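K.L.:
Residues per chain are reported as follows:
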Amino acid sequence: MKALLVGEYREGKLLEPTYELVGFAQKLGCEFELFLVGTEAALPQVNAKLYLADVATVGEYNPALHKQLILDAVDKANADTVVFLHSSSGWDLAPRVALALGAAQLSEVVEIKGDGYLLPACNAKLRRTVKAATGKSVITLQAGAFMPAEQSGAPQVEKLTTSTPAQSEFLGYEQAEAGQVDLGKAEIIVSAGRGVGKPENVAMIQALAEALGGEYGASRPVVDAGWAPHDRQVGTTGQVVSPKLYVACGISGAIQHLAGMKKSEFILAINTDKDAPIGEVADVLVVADIKQFAPALTAKLAG
Amino acid sequence: MNILVCIKQVPDMESRFKVAASGTWFEESDLAWRINEYDEFAVEQAVKLKEQLGDADLTVLSIGPARVKEALKKALAMGCERAVNIVDPAAAEKDSFQIASSIAAFAKDKSFDVIFTGMQSQDRGSGQVGVLVAELLGIPVLTTAVEFEYTDGSITVRRELEGGLRAAVKASTPALVTCQLGLNTPRYPTLPNIMKAKKKELLEIPIGELLKDEARLTTLALAYPEKKGSALVLEGEIGELVDKVIGILKEKTSVL
Chain X
363 MKALLVGEYR
373 EGKLLEPTYE
383 LVGFAQKLGC
393 EFELFLVGTE
403 AALPQVNAKL
413 YLADVATVGE
423 YNPALHKQLI
433 LDAVDKANAD
443 TVVFLHSSSG
453 WDLAPRVALA
463 LGAAQLSEVV
473 EIKGDGYLLP
483 ACNAKLRRTV
493 KAATGKSVIT
503 LQAGAFMPAE
513 QSGAPQVEKL
523 TTSTPAQSEF
533 LGYEQAEAGQ
543 VDLGKAEIIV
553 SAGRGVGKPE
563 NVAMIQALAE
573 ALGGEYGASR
583 PVVDAGWAPH
593 DRQVGTTGQV
603 VSPKLYVACG
613 ISGAIQHLAG
623 MKKSEFILAI
633 NTDKDAPIGE
643 VADVLVVADI
653 KQFAPALTAK
663 LAG
Chain G
973 MNILVCIKQV
983 PDMESRFKVA
993 ASGTWFEESD
1003 LAWRINEYDE
1013 FAVEQAVKLK
1023 EQLGDADLTV
1033 LSIGPARVKE
1043 ALKKALAMGC
1053 ERAVNIVDPA
1063 AAEKDSFQIA
1073 SSIAAFAKDK
1083 SFDVIFTGMQ
1093 SQDRGSGQVG
1103 VLVAELLGIP
1113 VLTTAVEFEY
1123 TDGSITVRRE
1133 LEGGLRAAVK
1143 ASTPALVTCQ
1153 LGLNTPRYPT
1163 LPNIMKAKKK
1173 ELLEIPIGEL
1183 LKDEARLTTL
1193 ALAYPEKKGS
1203 ALVLEGEIGE
1213 LVDKVIGILK
1223 EKTSVL
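Residue numbers (this note's numbering), protein chains in the order written: chain X, 363 to 665; chain G, 973 to 1228.
Hints may be right or wrong, so weigh each one.
[Said to hold, decoys possible] Straight-line distance between alpha carbons at most 20 Å, and here's what the computed EDC-like set of lysine to aspartate or glutamate pairs gives:
# : chain 1 : residue 1 : chain 2 : residue 2
1 : X       : K662      : G       : D1215
2 : X       : K662      : G       : E1223
3 : X       : K653      : G       : D1215
4 : X       : K636      : G       : E1212
[As the list claims (entries may be wrong)] Covered by chain X, according to a simulated footprint, are these stretches of chain G (three or more residues, beta-carbon under 8 Å):
# : stretch
5 : 1023-1035
6 : 1058-1071
7 : 1090-1098
8 : 1161-1173
[To be verified] Each pair of labels, with its calculated beta carbon distance range:
#  : chain 1 : residue 1 : chain 2 : residue 2 : range
9  : X       : G391      : G       : G1026     : 57 to 67 Å
10 : G       : I1210     : X       : V543      : 21 to 31 Å
11 : G       : E986      : X       : G588      : 54 to 64 Å
12 : G       : V1227     : X       : K560      : 23 to 33 Å
13 : G       : S1202     : X       : G391      : 52 to 62 Å
14 : X       : G546      : G       : T1162     : 37 to 47 Å
15 : G       : E1223     : X       : G476      : 48 to 58 Å
16 : X       : G391      : G       : G995      : 26 to 36 Å
17 : X       : E520      : G       : E1223     : 48 to 58 Å
18 : G       : K1172     : X       : V519      : 53 to 63 Å
19 : G       : K1168     : X       : P510      : 15 to 25 Å
20 : X       : Q513      : G       : G1219     : 34 to 44 Å
21 : X       : K560      : G       : S1202     : 23 to 33 Å
Calculated directly from the structure, the hints in this document are not laboratory data.
None of the values given here were measured: they were computed from a predicted structure.
Yeah, the Cβ is synthetic: ideal placement off N, Cα and C, and Gly gets one too.
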């Protein structure tokens, strides 16, 4: 087995999760080479061959070009497996590459299982073991599922170019909303999930956060519903946090949320569902209705 | 303009899932079914585009057994003109590639200008079908849209990236857009629209007429995640729970 690892780069920087790809290949014990659309100024520190396409000519989001370059690299590397991160870039590119290679795609791999892989199903309530029925396969890795490799060494760079026409035009990056709060610095975060029931109840979570001397956060559904501003969102598309105490209120534990908070030192979860996936990362799971528990805890802390 | 929106019917994710006797998928009886959440945003965006243009034709498509007609009827009541059920009682056993190639086979001679799908399903979450359909049809695809704009044959979307960042991307039609949560606010069908939807066309096509490809992925097993057993589970009366939690926070953390 030989893997081609597709690294990620954005606005002048190599993205750290690139090392998770290397960690995965090392865990699998397979030969690997890397591919990156980036610059010589931000190369991954890995002792391996790296196929490098120049971001200035290829563009940061130009999937038709990226696809062709990756296919060229697969050919040169003689790789049978292409590995992406399950990210906004990975899930956009992986199916294109899989189709072109006649390969199966295994999305959001969380673990290696025998000669197959484990994937989450139904909001992480279940796990599927799957195996490619094709000679080649394309894999995307769940954020944070594999330990990043140590950053050491320097790659042997081979440059790639393409003259494939673009199908879409990248107009630029935008910050979604200017953040007022930096949850990344908070030592205590109390987050509201869909289980709080209605927008008025977010105030109850805010009150508990204040009683504990921390900030309040929210899960994606709460932010999407407009119950809390985007700068309060914890998760892969919001902020990644690592406070001393994280209190998850009525949060079932979607993968994207867990990826944003599982590095917290101590996790207290309150949920009516004893089997909610949040229980997998929590230190303490209180089986209760947050609408009763939060005010009672707030009152006791104040008293 | 000719618009297609593809939807999937999935179980309510709050359900208690049981592994089926096959050992490779969940038991489908006793579950409440609904439109995949991401696909509701796709339907809403398709209806909005139709309303913006005035002169547009909007088809909604779903692959699955007879029960998916309920999802199709809801999409009709939200504003789609006609529905297509690619009838497949064994849809759950098909992989993303087979689902996508069936949709592409249906769409290939129909000149759709814009195709909408959800960015992923809630049950499988592979995020492949929309991209594969576009690639099979040879049209551009813009994924993970949280904002959509159409002007004179050109689509601009804001893609959601990690950490609160967005990317603005543009493509010409025909094109496919995969929809992320938060793109819009899906409407509730009104009673008069639910009544009107009953009279709309609902076409059935057997899967065998469209699907010619073998699966590329084999599911070996479906199971509950292994319990890591890390969490201390506390149950009981609220007052007692509060006292226990305060005790634990004092003992195990430095925050109290």
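K.L.:
All hints are to be evaluated individually against the structure, with a verdict given for each.
P.N.:
Hint check:
The suggested pairing of K662/X with D1215/G holds, with an alpha-carbon distance near 8 Å, which does not exceed 20 Å. Between the alpha carbons of K662/X and E1223/G the distance comes to roughly 17 Å, so the proposed pair stays at or under 20 Å and holds. Distance restraint check for K653/X and D1215/G: the Cα-Cα separation of roughly 17 Å lies within the 20 Å cut-off, and the hinted pair is therefore satisfied. Between K636/X and E1212/G, the direct Cα distance comes to roughly 18 Å. Compliance with the 20 Å bound is thereby established for this hinted pair.
With 0 residues carrying a beta carbon less than 8 Å from a beta carbon of chain X, the stretch 1023-1035 of chain G misses the three-residue requirement, and the given coverage is violated. Judged by the Cβ-Cβ criterion of 8 Å, the stretch 1058-1071 of chain G is covered by chain X as claimed, because 3 of its residues qualify and three suffice. With 7 residues bearing a CB less than 8 Å from a CB of chain X, the stretch 1090-1098 of chain G meets the requirement of three and the coverage assertion stands. Look at the stretch 1161-1173 of chain G against chain X: 0 of its residues bring a Cβ nearer than 8 Å to a Cβ of that chain, fewer than three, so the hint is violated.
Between G391/X and G1026/G the C-beta distance comes to about 60 Å, which sits within the given range of 57 to 67 Å. In this structure the supplied range 21 to 31 Å holds for I1210/G paired with V543/X, their Cβ-Cβ distance being about 30 Å. Checked against the given bound of 54 to 64 Å, the beta carbons of E986/G and G588/X, roughly 21 Å apart, lie outside it. For V1227/G and K560/X, the hinted distance range of 23 to 33 Å is satisfied, since their beta carbons lie about 28 Å from each other.
Restraint check, S1202/G to G391/X: a C-beta distance of roughly 28 Å breaks the suggested window 52 to 62 Å. For G546/X and T1162/G, the Cβ-Cβ distance of about 44 Å falls inside the hinted range of 37 to 47 Å, so the restraint holds. Taking the beta carbon of each, E1223/G and G476/X are about 41 Å apart, not inside 48 to 58 Å as hinted. Between G391/X and G995/G the beta carbons are some 29 Å apart, a value that agrees with the proposed interval 26 to 36 Å.
Range check, E520/X to E1223/G: Cβ separation about 56 Å, and the 48 to 58 Å hint holds. For the pair K1172/G and V519/X, the supplied restraint of 53 to 63 Å holds, since their beta-carbon distance comes to about 58 Å. In this structure the hint that K1168/G and P510/X lie 15 to 25 Å apart at CB is violated, the actual value being about 55 Å. For Q513/X paired with G1219/G, a C-beta distance near 42 Å keeps the hint of 34 to 44 Å intact.
Restraint check, K560/X to S1202/G: a C-beta distance of roughly 31 Å satisfies the suggested window 23 to 33 Å.
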